[in-house]
Amino acid sequence: MNNTLLLSSSPHIRGRDTTQRIMIDVVIALVPAVISGIYFFGSRVIMVVLITVISCVISEYASQKIMKRNITISDFSAVVTGVLLALNLPPAIPLWIAAVGGIIAIVIIKQMFGGIGQNFMNPALGARVILMLSWTQHMTNWINPKVPDAVSSATPLIYIKKGQEIMEGINRPDYIEFLLGHAMGSIGETSVLALLLGGAYLLYRKVISPAIPFSFIGSAALFSWIFGGNRPFTGDFLYHILAGGIMLGAFFMATDYSTSPVTTKGKIIMGIGCGIITIIIRLYANYPEGVSFSIILMNLLVPLIDKYTVPRTFGGEGRGG
Amino acid sequence: MLISKKIFGGGVTVPHRKNTAQCETVKMDVPEKVVIPMLQHVGAPCQLVVKKGDIVRVGQVIGISSKYVSAPIHSSVSGTVTNIVQVINSSGMYIDAVEIKADGKQEIHESVKPPVYSNDAELLELIKESGLVGLGGAGFPTHVKLAPQVDKKIDILIVNGAECEPYITADYREIVENSWNIISGINILMDLLKVDNVLIGIEDNKPEAIKVLTDLANTSDKINVVKLKSRYPQGAEKMLIYSLTGRKVPPGKLPLDVGVVVMNVNSVSFVAEYVKTGMPLIKKRVTVDGPAVMNPSNVEVLIGTPLGDVFEFCGGFKTEPYKIIMGGPMMGVAQPSLQNPVLKYTNALLAFDRESGELPKESPCIRCGKCVKACPMNLLPLFLNLNAIHGNIDGLKKYNAMDCIECGSCSYVCPAKRHLVHSIRLGKALLKKESMNKT
Ligand code: SF4
Ligand code: SF4
Chain A
1 MNNTLLLSSS
11 PHIRGRDTTQ
21 RIMIDVVIAL
31 VPAVISGIYF
41 FGSRVIMVVL
51 ITVISCVISE
61 YASQKIMKRN
71 ITISDFSAVV
81 TGVLLALNLP
91 PAIPLWIAAV
101 GGIIAIVIIK
111 QMFGGIGQNF
121 MNPALGARVI
131 LMLSWTQHMT
141 NWINPKVPDA
151 VSSATPLIYI
161 KKGQEIMEGI
171 NRPDYIEFLL
181 GHAMGSIGET
191 SVLALLLGGA
201 YLLYRKVISP
211 AIPFSFIGSA
221 ALFSWIFGGN
231 RPFTGDFLYH
241 ILAGGIMLGA
251 FFMATDYSTS
261 PVTTKGKIIM
271 GIGCGIITII
281 IRLYANYPEG
291 VSFSIILMNL
301 LVPLIDKYTV
311 PRTFGGEGRG
321 G
Chain B
1001 MLISKKIFGG
1011 GVTVPHRKNT
1021 AQCETVKMDV
1031 PEKVVIPMLQ
1041 HVGAPCQLVV
1051 KKGDIVRVGQ
1061 VIGISSKYVS
1071 APIHSSVSGT
1081 VTNIVQVINS
1091 SGMYIDAVEI
1101 KADGKQEIHE
1111 SVKPPVYSND
1121 AELLELIKES
1131 GLVGLGGAGF
1141 PTHVKLAPQV
1151 DKKIDILIVN
1161 GAECEPYITA
1171 DYREIVENSW
1181 NIISGINILM
1191 DLLKVDNVLI
1201 GIEDNKPEAI
1211 KVLTDLANTS
1221 DKINVVKLKS
1231 RYPQGAEKML
1241 IYSLTGRKVP
1251 PGKLPLDVGV
1261 VVMNVNSVSF
1271 VAEYVKTGMP
1281 LIKKRVTVDG
1291 PAVMNPSNVE
1301 VLIGTPLGDV
1311 FEFCGGFKTE
1321 PYKIIMGGPM
1331 MGVAQPSLQN
1341 PVLKYTNALL
1351 AFDRESGELP
1361 KESPCIRCGK
1371 CVKACPMNLL
1381 PLFLNLNAIH
1391 GNIDGLKKYN
1401 AMDCIECGSC
1411 SYVCPAKRHL
1421 VHSIRLGKAL
1431 LKKESMNKT
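Line by line, the protein sequences are chains A and B.
Oh and the first sequence: position 72 is 72 in the working numbering, straight run, nothing missing.
Oh and the second sequence: position 214 is 1214 in the working numbering, straight run, nothing missing.
This is chain B alone, in the form it adopts within the complex (with noise of 0.2 angstroms):
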């Protein structure tokens, strides 16, 4: 095991409530329909190439896209589609998503075979077959992050493991019930990109993680466990990249331009999971706490199963919800809908109580300097608010907008109680909305 010196210029102490860690993968039974969006990723949406009325399998192709940066779309259950509907997915855009009711057999798809390859190109293709996207919560198609690229030479994978946001687990309990599969994912995918440098990133605050990993990494020298200070955002691509290596993603620039792969725990374990079974992503372990929820668990769950239905499965509410938010307080977006399906990139599910879910009000900036000083990508919160405020399209370019993360340390430590994010998400927005008027 390593440990890593460097940290991140700014970040915050978040409390990490990791409720769950000791709290096993319960499998959740099949729920009675699903609900599939065509988006599940960063990228092109799918088209849909199912109809009301068709019978469908596990594993069975119901989504497509010939773009490149998109991810086809699986069945998680066995059934009949019922209906074709439109969801509001997280940006507030209407997508189209296939209702299918489950009959309860999960008959699984004839296309569902262990794959075979016989080079690189052949399982670059299985992955991108396998409907993987970046399971940290970001949901970046996968194969797109491993072709290969003519002018980069990538010399370092990183694991990434820290999972720096408060409550969630799952990343934990893949490592400690999984290692072996997360081992194997790397051994394919260091074969696959030519690397023979792994670093895994764990946050100091995952000792048994640390421990687990570390005992099996040390049949290789290639691979090494590397301890992380817990601070949020460790887990960030930017800063991890950061911690783990000293290198820095200049802004607008990719890890691949320092010649590092990151993927999540999760990720390098499906690899392998799927080289073994090819059985596609159809679920995924969620973790489900938040004040609000009756019992605090980890949970194995069909992608489309309404969020009401893994709630329930966990006891349902404590206290009536307030607020549900799909991913880690600090970054996971609130959910209008019990009714809205689990995603790919579903890592949690909070439910808070009015209490806790509450906005505290906002009051005037009083220059502390404290979004400052928090801010890892060194920006500088509280002007980028005036700007975004005002609308001031220079002002918002002069602080940079565009290289803020999103990652929310700056509103959490501002004692004005600030929504900086907020408004810097609706600057880099008009942003967007300027260039493309331009071009």
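One chain only, chain A, in its complex shape (with noise of 0.2 angstroms):
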């Protein structure tokens, strides 16, 4: 018997938390989403989902066996890119190319850079660019939430660019309308109440901390507020922050694992990092949607920033920091 006695190093308990266990909470935050997308796109959104959930999966699986690497789908992880990406495609997608983003955001961005916690750029959203430059007039065809002949028109931020939100006639969507959901975007974006649920869920069972998402939304609003207007400190800062991907980016893309930083200092300054390039490329650029381009500009900084962000030892001097 003595020599059958297991030696190991401690800590000898471990705490419950598992991969799959955070993986499965991302996915339960993101049903709200869900939800409120076929609530207010149809039923058609059940099948992008479907469609990006299952090709992230097959290709998850298909190329950990070509690469002879442990296969990992039990994790959940390819569950999680797939619904993330659904929501960042508009609603009116044709699901080939739904397909096909499954399988760049998987194959190319994941898998291709070391498999899970190794890709420097969140998939989903390294997906919805290339989609973007690829398909752009599909992946721009946006159509109003509840109306059953399904009109294709822009996106709302197009009324907020700088000096232009006090255009006349234009129909702008109002802030309720945004909480609820009622204003035109991609699938995920459409209902800022369903992501701040989610998000809730998220923070309360600690799968992310409050650092990005209220660094992120804090300095959005406070530069829209400073820059929006006409005049400075005149922005309408609620707009901005209601409209468009900044929740669904705010709590669940920025705060990607694998292209967030490690400490809490460096979070912040990620999270001020995107909002402060999502209401540059807002109200500058030519582009109406920022949160996507910011959060992977930021992405590619985050090795840089965990450099730089090396905390001081307890009680000493210590190096980095």
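Quick caveat, the hints were computed from the structure, so don't treat them as lab data.
Hints are supplied without guarantee of correctness; some may be wrong.
Once the Cα atoms are required to be at most 30 angstroms apart in a straight line, the calculated DSS-like pairs of lysine-lysine come out as [said to hold, decoys possible]:
| id | chain 1 | residue 1 | chain 2 | residue 2 |
| --- | --- | --- | --- | --- |
| 1 | A | K68 | B | K1417 |
| 2 | A | K265 | B | K1229 |
| 3 | A | K307 | B | K1428 |
| 4 | B | K1006 | A | K206 |
| 5 | A | K307 | B | K1248 |
| 6 | A | K206 | B | K1373 |
| 7 | B | K1145 | B | K1211 |
| 8 | B | K1433 | A | K307 |
| 9 | A | K206 | B | K1361 |
| 10 | A | K265 | B | K1027 |
| 11 | B | K1222 | A | K206 |
| 12 | B | K1248 | B | K1373 |
| 13 | A | K206 | B | K1229 |
| 14 | A | K265 | B | K1222 |
| 15 | A | K265 | B | K1417 |
| 16 | B | K1152 | B | K1361 |
| 17 | B | K1105 | B | K1194 |
| 18 | B | K1361 | A | K68 |
| 19 | B | K1397 | A | K307 |
| 20 | B | K1145 | A | K65 |
| 21 | A | K307 | B | K1438 |
| 22 | B | K1361 | B | K1398 |
| 23 | A | K307 | B | K1417 |
| 24 | B | K1194 | B | K1006 |
| 25 | B | K1033 | B | K1067 |
| 26 | B | K1253 | B | K1067 |
| 27 | B | K1006 | B | K1361 |
| 28 | A | K265 | B | K1006 |
| 29 | B | K1227 | A | K206 |
| 30 | B | K1253 | A | K265 |
| 31 | A | K206 | B | K1018 |
| 32 | A | K206 | B | K1248 |
| 33 | B | K1067 | A | K265 |
Using the hints, put the two standalone chains together into the complex.
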């Protein structure tokens, strides 16, 4: 009996958290956004979500098989990517493009860079941007929520380009509509309420910390207030943070573990960077949606941020910092 | 009673599992034989001063060292030295050990008598002779801690009753059963150290212990019991000092450097006991628990008793033990064999069955940052892990590997079940080797 005793290094007990549990939590947190997507844009959304999820999971399985890696589809991270991708697509997206998006996200952006935890760009966002560049038409084909014969029109963000927000005669959605989900946009951007619900769940479950979402939303609000109006400090910041993908981006995309800094300080830098870049793109670039690009830009800076935010050892001068 | 408002950053909430809190200490019978290793402390090993065939008695010195950082070793039984063997200690070193066949009479050696001393230097020498080492689990020779430092002024004595590891109740039982001894030990040490500020730190999950000591401490305005938040690793020296005084011990420095001496409650109590009786350190209270143990208990065990005997005394095993741990589940050391002996700083023996002892499989780091949040030393365990795995010396230095206190918080929280501390430990060994090569 004595020679069968297991020898291992401490600690000898472990917490209950697992990668899988975390990913399932993210999926749970995304449910309200998916449901509101279905509610506002119709049952087609179900197909889009299914297609992206299946495409992501199959891509993960296949690429891991080919690269002779351990198969990790049971950790649910591919499912998360699939749902997030769907939420980042316009409701009228052709299903085959959605499927291609899943393949791009997993194979090119995740697995080619080493798999979970190693990719330097959020897979769903990376795929969104690649799809955007490849099929711009389809990717910017927005439809009005709950309108039976879906009318193509522009994203509401078009209304908030600097100096244009007082345009008369255009039916600008109001705050309440954004909150509930009456605004046009990608599947997951439509209802701020649903996103906040999911975000609150993630915070409650400690899957994410408040550092990124709060600094992201806060800095976006501050910057749009300062620079968003015709005169300084007159910007309609509420409109800015409610419209478009800020909520989705702040709670679900910028908080992606692999592509965000590991320290709180680093996360705040990331959040502020995202907020500022989003507003700069919205106000000054010839392109309405800044959230995806701002997050991807900050994703690229994460190794640098991590490098310069090494904390000081408790009680010490340490290095970095 | 005071309440600490400060709390160190990081740490984790671990299940308490103090199943034995209400178990009064029971004295174990003298074992058939004891095995007493010549290294049971941090520092230099002792030289044997007995040989095969010698008759020894309880309290007799059997190992000494001329080195300063060391503590003599005494026989815990009366009997005959039957063998000089080698045991493997927790760092994998072979250590000489004396095997003594006990005669069961427990005759006391003539050197054991109430000591007399007339000044601090003599008392300090006595404490050295008592063989006392830190009983909280670290095993640092006590007389070294207490020796006056020319350039450092000590103004606070901290008594560590935090006991933040799951399962262990050895300190708690000492407080409940022997509170007077603790207070008299404190008085002796206050005299010796010339301090008039004593803080006894106890976690808030032990209200009875807080109450008992508060009632006694109320007789003196120099001694205060401080209620601490239960948060692992509250009992780690640096964390405890911060929680109680707000002082931070810089990396590579000692509590002395911030004017503090920290002693475990059991060590303090032992000092009082020793000054009364002169009986050196030959026994320990050990919490015996774990899912595979029949009757979880607090047992007074003679040092050198084989672990198997202690478990047997507690009714043996419910299920076949899969892993035996000396110490707590967070920082304790897995034991290769039930033949290994109880040591001076053994405060718990835990037996895990297969289900509770099995290590979860590692999966890739997902960069969730939970280890970063949990690290009380503000390190970045995920990067230390990577650099340790790749043997990257510069990376280990850059991320301050040597500052890791091996508390295990990072491994505990990691959802990917990465063996963070284990790799950091190896990384530290690499760094030590490298610095030795250089000099
Ligand atoms: S807790 Fe584990 S998975 Fe999370 S960052 Fe640390 S090592 Fe990686
Ligand atoms: S890195 Fe070291 S000090 Fe930090 S949590 Fe892990 S074991 Fe504890």
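Query raised in the report: Taking each numbered hint in turn, which are not upheld by the structure, reported in ascending numerical order?
Result: Violated hints: 10, 11, 14, 16, 17, 20, 27 and 33; rest satisfied.
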